[in-house]
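Trainee: Using full-length UniProt numbering, the first residue of the sequence shown is number 1, and each one after it goes up by one.
Treat the hints with care, as some may be off.
Unchecked claim - Ranges between beta-carbon positions, derived for each pair:
(1) GLY336 to ARG73: 44 to 54 Å
(2) ARG556 to GLY245: 21 to 31 Å
(3) ALA157 to GLN559: 47 to 57 Å
Quick caveat, the hints were computed from the structure, so don't treat them as lab data. Positions of the beta carbon are idealized from the N, C-alpha and C atoms, including for glycine.
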Amino acid sequence: MDSDGTQDARGTHATPVPRSRSAVPPMPSAPPVSGGSAFLAWLRTPRPEAAPGVWRFGHVPRPDQEPEEIPTRQLLSGALVAFLVGWLIWSLLSNGYLGGWWFIPFDLIVPDSWRGSDSRVGNLLLYDGYDLLVVLIIMMAAGKLGRWGEVWRRFVAPRLKRPERQQEPAIPPEDPSSWPAMRAAGAVDAAERLAGDARSGVMRDVDYARIARAWQGVRSGRHDLATFRGAVLKDGAAACLHPSGERDLPSRVARHDLVSGQVRLGTTADDPRNPYAYRGTGLGLGPDLLGTSLLAVGPAGSGKTGTVVRPLAESLCLHALAGRASVVVVGAAGAGLGPADGYDVVVQIGNPDSVYDLDLYGGTSDPDEAAAVLAEALVGDLADPHPGSDSRRSTTVLAQLLGPFRAVHDRFPSVPELRQLLDGSTDALGALRTALQGSGQESLIRELDARERQLGHPGDVAAALADRVALLDRPAFAGFFDTSGQSRPFTLKSLDHPVRVRIDLPARGHAEASRMLARLVLAQFTASVAVREDRSLFACLVLDDATGAVTPEAVRGIQRLRSGNAGAVLTLRTLDDVPRPLRGPLLGAAGCRMALAGVTPWDGQDFAEVWGKEWTEARDVTDRQIIAETPAGKAVHALRRVITGKAPTARAVTVRQVERERWSASELAHGVPPGHAVLSLTNVQGEHAPPLLVDLRG
1 MDSDGTQDAR
11 GTHATPVPRS
21 RSAVPPMPSA
31 PPVSGGSAFL
41 AWLRTPRPEA
51 APGVWRFGHV
61 PRPDQEPEEI
71 PTRQLLSGAL
81 VAFLVGWLIW
91 SLLSNGYLGG
101 WWFIPFDLIV
111 PDSWRGSDSR
121 VGNLLLYDGY
131 DLLVVLIIMM
141 AAGKLGRWGE
151 VWRRFVAPRL
161 KRPERQQEPA
171 IPPEDPSSWP
181 AMRAAGAVDA
191 AERLAGDARS
201 GVMRDVDYAR
211 IARAWQGVRS
221 GRHDLATFRG
231 AVLKDGAAAC
241 LHPSGERDLP
251 SRVARHDLVS
261 GQVRLGTTAD
271 DPRNPYAYRG
281 TGLGLGPDLL
291 GTSLLAVGPA
301 GSGKTGTVVR
311 PLAESLCLHA
321 LAGRASVVVV
331 GAAGAGLGPA
341 DGYDVVVQIG
351 NPDSVYDLDL
361 YGGTSDPDEA
371 AAVLAEALVG
381 DLADPHPGSD
391 SRRSTTVLAQ
401 LLGPFRAVHD
411 RFPSVPELRQ
421 LLDGSTDALG
431 ALRTALQGSG
441 QESLIRELDA
451 RERQLGHPGD
461 VAAALADRVA
471 LLDRPAFAGF
481 FDTSGQSRPF
491 TLKSLDHPVR
501 VRIDLPARGH
511 AEASRMLARL
521 VLAQFTASVA
531 VREDRSLFAC
541 LVLDDATGAV
551 TPEAVRGIQR
561 LRSGNAGAVL
571 TLRTLDDVPR
581 PLRGPLLGAA
591 GCRMALAGVT
601 PWDGQDFAEV
611 WGKEWTEARD
621 VTDRQIIAET
631 PAGKAVHALR
641 RVITGKAPTA
651 RAVTVRQVER
661 ERWSASELAH
671 GVPPGHAVLS
681 LTNVQGEHAP
691 PLLVDLRG
């Protein structure tokens with residue numbers, strides 16, 4: 001029960017040294033909460049349901065439509081004129097210029113015995129009180145017409161408001177820190193233990209999310225109530241730990257809310273092009289949105305890694321510590337994807353100090369499956385422009401070699417061995433045939449016969465495959481992709497567990513090999529999540545710079561991720577890095593699309609097409625010169641022209657409904673400020689958010 005049934009696959013820890021299991025988690029450099037009262041205040045903060053992408057923590061919903069706001073000059077002038085009119089009316093009444101009709105209600109209401117009293121105080125209250133009542137009625141009418149209430153709310157009240165004292169919010173009817181669902185199920189002692197840890201400051205946000213996830217497993221029947229109860233009574237907030245023993249990340253760069261599952265990426269700009277309900281709200285992304293996959297496009301220096309990839313990777317790692325997700329982060333070495341201590345497995349391809357290796361065949365024992373994934377990595381990007389390197393024929397060629405080799409050696413070939421087989425080495429093929437003949441596997445011998453017959457014939461793709469394998473058969477990778485069992489290979493079959501993985505690609509000096517490995521990881525990921533047994537865990541692949549990784553099969557795999565409770569985050573410098581026939585399908589496969597500042601107009605055109613058009617109100621204003629016909633009118637017009645410098649005109653306004661692009665290519669290329677992005681969102685339930693201008697620095 002200590003791991004919530006989410007034990008790691010064998011050999012997937014980042015270091016062979018056991019992690020610490022201290023009673024109190026280490027304080028990160030930017031803790032979300034500290035102390036019992038701060039944690040309770042964070043936990044009790046309202047998180048109302050909101051539109052996709054709205055940061056729900058403490059969110060105050062806004063109206064869907066923008067209220068009509070009177071211009072400041074018009075509002076103030078109207079208020080002043082109303083006051084002057086009210087004052088003028090009262091002056092005329094009090095001085096008798098309008099007659100005594102306004103005193104008729106006084107004569108009808110007040111008895112005769114009250115009038116003419118000798119009491120000075122009585123007369124003062126009677127007559128002056130009536131005058132005051134009339135003044136108030138006049139001022140109320142003037143205030144209503146002059147919108148004095150709006151003047152007060154807009155200009156006076158904000159300056160009189162004092163900063164509120166920081167107070168602990170009132171406990172709601174069902175305080176989440178008291179674990180009401182756990183009490184209702186009969187585990188009162190466990191709820192009391194957790195509530196005490198929350199009040200004392202021992203519990204943190206990751207602890208709350210992890211224990212809530214474990215309790216969800218109890219409610220669904222995956223875990224035993226007695227076991228869960230015993231673990232909580234024994235360890236309190238440290239119960240149901242992640243297999244690494246960690247209760248938090250060593251540092252945080254973003255703001256996270258593990259109750260709603262969101263990470264805050266910025267603030268939606270207060271811009272007329274954004275829907276009013278979104279303006280000024282925080283932008284929060286979580287598994288409900290990443291489950292439809294995210295594609296971010298922007299040039300170098302636009303902030304893809306620092307403002308998008310790093311916070312999302314950090315959020316997914318926190319979800320993994322809470323037992324909710326598994327994450328694989330892929331990027332160039334030194335790309336700033338988080339410290340190594342924040343991951344369970346760090347694969348540094350090309351670095352001799354790397355603790356872990358990468359399984360070239362994805363951990364499968366099926367030669368056909370291994371051949372399909374490996375063919376996608378080797379020549380998937382060449383399938384369309386070069387028909388001779390078609391992925392299906394490449395899969396067939398690899399299967400003709402991988403099947404016999406595994407049958408003989410009980411493993412798949414290493415990179416040098418695979419290169420020799422693809423090159424058609426007589427010694428390698430002869431040794432394989434001899435071993436097969438001794439095992440009596442006639443079907444595999446026929447596979448080898450077919451491979452030897454095709455060698456050197458036109459249309460044989462083995463040479464192209466061998467050239468691609470040669471990119472991995474380099475001295476820098478001599479210690480990697482080992483299949484003899486001497487290394488510690490990581491396989492994406494481990495995504496059934498809440499594992500945190502970072503794969504560093506050797507971009508410097510091995511750019512083509514890095515792109516090939518990125519395709520390999522993407523292909524293995526889409527194949528692995530489709531056959532997971534436990535799909536309650538959200539699985540996500542974060543691929544920083546997907547240049548060369550987008551292939552027809554990759555697009556089809558991304559389309560299937562949503563049904564497997566998985567998603568992918570891909571970044572590109574430009575859509576030109578994707579073959580033209582695949583740009584539309586890629587944008588269609590990603591439910592969340594982001595165009596960062598600095599995209600090219602042709603990239604903007606692709607986004608504009610996928611975002612479509614909307615009906616909007618267009619106003620055409622026409623100024624027509626007024627021609628005076630009388631001498632007096634001409635004199636007035638001449639005087640007006642001297643004063644204003646313009647001829648008198650009459651303005652005509654025409655309002656019509658037109659269909660226009662939500663964001664045009666020109667606006668995306670030249671109208672997005674630095675540090676901003678335009679982002680459209682779709683969640684796994686199918687709810688949409690239109691393209692939003694977002695400040696990623698907020």
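Trainee: For every hint, state whether the structure bears it out.
Mentor: Results for each hint:
Between GLY336 and ARG73 the C-beta distance comes to about 50 Å, which sits within the given range of 44 to 54 Å. Checked against the hint of 21 to 31 Å, the C-beta distance between ARG556 and GLY245 comes to roughly 39 Å, which is inconsistent with it. Evaluation of the 47 to 57 Å hint for ALA157 and GLN559 yields a pass: the beta carbon distance comes to about 53 Å.
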